[in-house]
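Enquirer: Got chain A; can you put chain B on it based on the hints?
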Amino acid sequence: MPHTASSTDPGAFDFARPPFDLLTADQRATLAGALDVALYPRDAILLTREEPVDALFVVLRGSVQERRGSEVAAVHGPGDRFGLQALYGGGSGGNGAGTRRFIAAEDSVCHLIPRAALDALADDNPAFGAAILGDFAQRMRDLAVERSNREMAALTMARIRQAYLHPPLFVDAAASLRDAALAMKRNRASSVLVRNADGSTGILTGTDLRDLVVLDGRPVTDPVGPLARYDLLTLDRDDLLFNALVLMTRHAVRRVVVTENGAIVGLLGQSDLLAVLSNHSQVIGVQVEQATTPDDLRRASRSIVALIRTLHATGVKVAFIADLVTELNRRIFRKLFELLAPPELLANSCLIVMGSEGRGEQLLKTDQDNGLILRDGFDWPGLTAFAADFTHHLVTFGYPPCPGNIMVSNPDWTRPLAGYKDAIFTWIHRPDEAAQMNLAIFYDAAPVAGDASLLDEAKGYLLSRLQDNQMFFTQFARPTLSFDTPSGLFATLFERRRAEPVDIKKAGIFPIVHGVRALALEKHLAETNTVERIQTLAEMGALDRKLAAELAEAFTILSTIRLKARVDAPDGGGADGGEPDGTGGDLAIDNLVRPETLGKLDHDQFKDCLALVKSFKELIAHHFRLNH
Amino acid sequence: MPLPERVAIHCEATGYDPEVAELRQIVAIRIRGNRILTGSALRLWPGCDTGVGEAGDLLRAFIGDRPLVGYFLDFSAAMAERLIGSPLPNERIEVSSLYYDRKIKAASKHAVDLRLDSLVRDLDLPVRPDGAFGVALAAAMAWLRLTQEGR
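Residue numbers (the numbering used here), protein chains in the order written: chain A, 1 to 628; chain B, 1001 to 1151.
Isolated chain B (complex conformation):
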């Protein structure tokens, strides 16, 4: 039986409003079992190195019906839908809410710091969460750490 796959995505855009922001870069990385397939990640600069239509097709094919994983995923997913030109019905997994769920169980009096830098530091992930690739990879790592056995 093939291992289940997911896709971590992240977008870099000119703003945070998916209605108006302009997409600069989108990165999608598959996760297979415990392994993050960074070596075959999809990195697109639509309208720059790839035509917008073509980029949409590539992204749609790359994602398929795999669940999506991301940090601030709704924004990335909305940008991806705009690029593809149709809604993405895929299951969505927001790592910051997984992280929140876990931290809140620890019954700390402090508010949970959901900033990605803090999350990466707290989970001790070997990644620098910069740029679309760094954030997507950080999300993939965070998702693995938060869902692996014994967590």
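Just chain A, with the same shape it has in the complex:
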């Protein structure tokens, strides 16, 4: 074989390059004999959709650009290989391969390893096979991350105006179901808007029609007016597409109504949003919805960290990230609960999430804080095993166990409503540190799956027990002052402390969350989200409006800085979106912020925020008489 193993042959295949160095001398000879060679002039297209890929490309001379659309996604130089995705990914015609092209950046020469030869070698030499395919898996992950980055960038910039809107299709309230169906068919629409004489507008979708006529057996002559739904989700045409996504995700709907100057100008469909952006978060949502085993869910759950990173990297506001992540987390919890729980448990219990998850302020996967309220009198022998299983699965999904053991697997947090009421009674009347914390996080609880009325009743009981117990509130609010907040008022002190890291959670976020929580509890607010609580308190006059606005802003800024600190943490960096072993991909939890590492803008904001937190703490101390 004259063109093979000689070191002076410029056309020789480079076997020193991993993973080819794993091949034995015989295997190298086999591979060398099976190689084809291809020469490409500059700008030639190497791999196209039309051409079936039957070989792995290894660059010998020159360089090859991998392009997606008009962007250069990668450049492959001598020794680099490509084409595996098309080879093993079933990629031809699929989403990824469709837009990918390989183009010679200069006159180039490639070795082509035919797939049959590659397969035979992989069979022959398992280490080599693993290296080739492992490399392929990594490459796929990189591509996925890259793709979501690009899509997210587009997503955060794009406004609804840029997406295709279905023109609004109106029918009168007096029109019959049949008329509505005809109108949809004629206009190839999946819904109609129903206009009432009083000016209100409702929506009737194809699914509604099916349910009304086929399932409920309504006559097709019934007027649509009373049957349409009037809880329209609307957004302005200049809103971000991302907001539409959040709205659709939160309400699990497939379309939103788009208005301009208050008038309806069209409908934005989920599929249009997807078509424009084919974005990551929806993909996770769909993965969750379609999961049939906990393993499916685990995969979806693992993608969330990558999503957060992307969203953050592309400058999406923290409040949006929190909204989306909260929604996805809850969906995962709900789906897991539904997968594991038998129907009778679903009907007779309420799965709740507490703490930051309940407040909807989860930016990353943090500890589990969850519980299960059972209907009084309901008993099911499999409960203990179920609870342990549920918690265990969440741990494998990357939600670390709660250090305080506030989890479904703990019998204290999986108990009948009456048991919860007893606990609440104890928390209020025999407050110690643990009781205080339990009460605080329970007040933040939100229902995730099962019968939400169970949580309503428990919370109703909580509020009814409080009365105007000044002593209690003084105790409850006190932790607001637990941690020192370095204040910008004492500039010299602050400057000296600048070198020391500040625990942003203790110094900034917790005082706001807890102070607001105490005020909200005092006013018996039903809201669980901190910003919503602040807004409601302001509306009630319980909080000065200007202070409320500043406080909400400070809370957002501090949350942003905190997320930034975590995402940028060195051990949390890198493109490790979801390692198969289940340990990578999570972001390290680090609440320490080093002021000197903040940019000037962040640093100034940070200082202002801490000063505000300081004065808010004084307000809380005064309000709840904590200094007396």
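Treat the hints with care, as some may be off.
[Unchecked claim] A partial selection of chain B residues facing chain A, derived with a Cβ cut-off under 10 angstroms:
(1) Arg1032
(2) Asn1034
(3) Ile1036
(4) Asp1124
(5) Pro1126
(6) Val1127
(7) Arg1128
(8) Gly1134
(9) Leu1137
(10) Met1141
(11) Leu1144
(12) Arg1145
[As the list claims (entries may be wrong)] Derived, one-sided and incomplete: chain A residues facing chain B with beta-carbon distance under 10 angstroms:
(13) Thr8
(14) Asp36
(15) Cys110
(16) Leu112
[As the list claims (entries may be wrong)] In silico negatives: residues of chain A with every beta carbon more than 10 angstroms from chain B:
(17) Met184
(18) Ala263
(19) Asn627
Keep in mind the hints are simulated off the structure, nothing from the lab.
All C-beta atoms in this analysis are idealised placements derived from N, C-alpha and C, irrespective of residue type, glycine included.
Expert: Positioned in the frame of chain A, the structure of chain B alone reads:
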């Protein structure tokens, strides 16, 4: 539509007179589009590892009606005809004359160096033009480089 194919061939013989030289080795490599199918090249040592008659049949089948590409192709083709036992009517493409045509356009005062080593160096082809296989591969590469778009 399948990509057009050609076959690069080269012979190694005991001399340069096709009437008397004895064939040692003949190599034929198909070229499909930009790809040189070296992995499925035909390498024959007639009368050594393969009977002469059998080698002729294999070569004829391998070439079919594809145009032939080579360096000093007339010699190789004549040797191939002798082996097959009948004339080869296939189109013939001599890479040295393609190369000459291109160099002469560059209006150089120097004579064109048509030696294969020089040609390979000038076209920067990653091949060592030794032996029947090396020369056939070099011819295939040279043909691609000289005929590809923009040349």
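Enquirer: Each hint should be assessed against the structure and marked as holding or not.
Expert: Right, here's what the structure says about each hint:
no.: 1; hint: Arg1032; verdict: 9 angstroms, holds
no.: 2; hint: Asn1034; verdict: 5 angstroms, holds
no.: 3; hint: Ile1036; verdict: 5 angstroms, holds
no.: 4; hint: Asp1124; verdict: 8 angstroms, holds
no.: 5; hint: Pro1126; verdict: 4 angstroms, holds
no.: 6; hint: Val1127; verdict: 5 angstroms, holds
no.: 7; hint: Arg1128; verdict: 5 angstroms, holds
no.: 8; hint: Gly1134; verdict: 5 angstroms, holds
no.: 9; hint: Leu1137; verdict: 6 angstroms, holds
no.: 10; hint: Met1141; verdict: 6 angstroms, holds
no.: 11; hint: Leu1144; verdict: 4 angstroms, holds
no.: 12; hint: Arg1145; verdict: 6 angstroms, holds
no.: 13; hint: Thr8; verdict: 7 angstroms, holds
no.: 14; hint: Asp36; verdict: 5 angstroms, holds
no.: 15; hint: Cys110; verdict: 9 angstroms, holds
no.: 16; hint: Leu112; verdict: 7 angstroms, holds
no.: 17; hint: Met184; verdict: 44 angstroms, holds
no.: 18; hint: Ala263; verdict: 55 angstroms, holds
no.: 19; hint: Asn627; verdict: 83 angstroms, holds
The structure agrees with every numbered hint stated previously.
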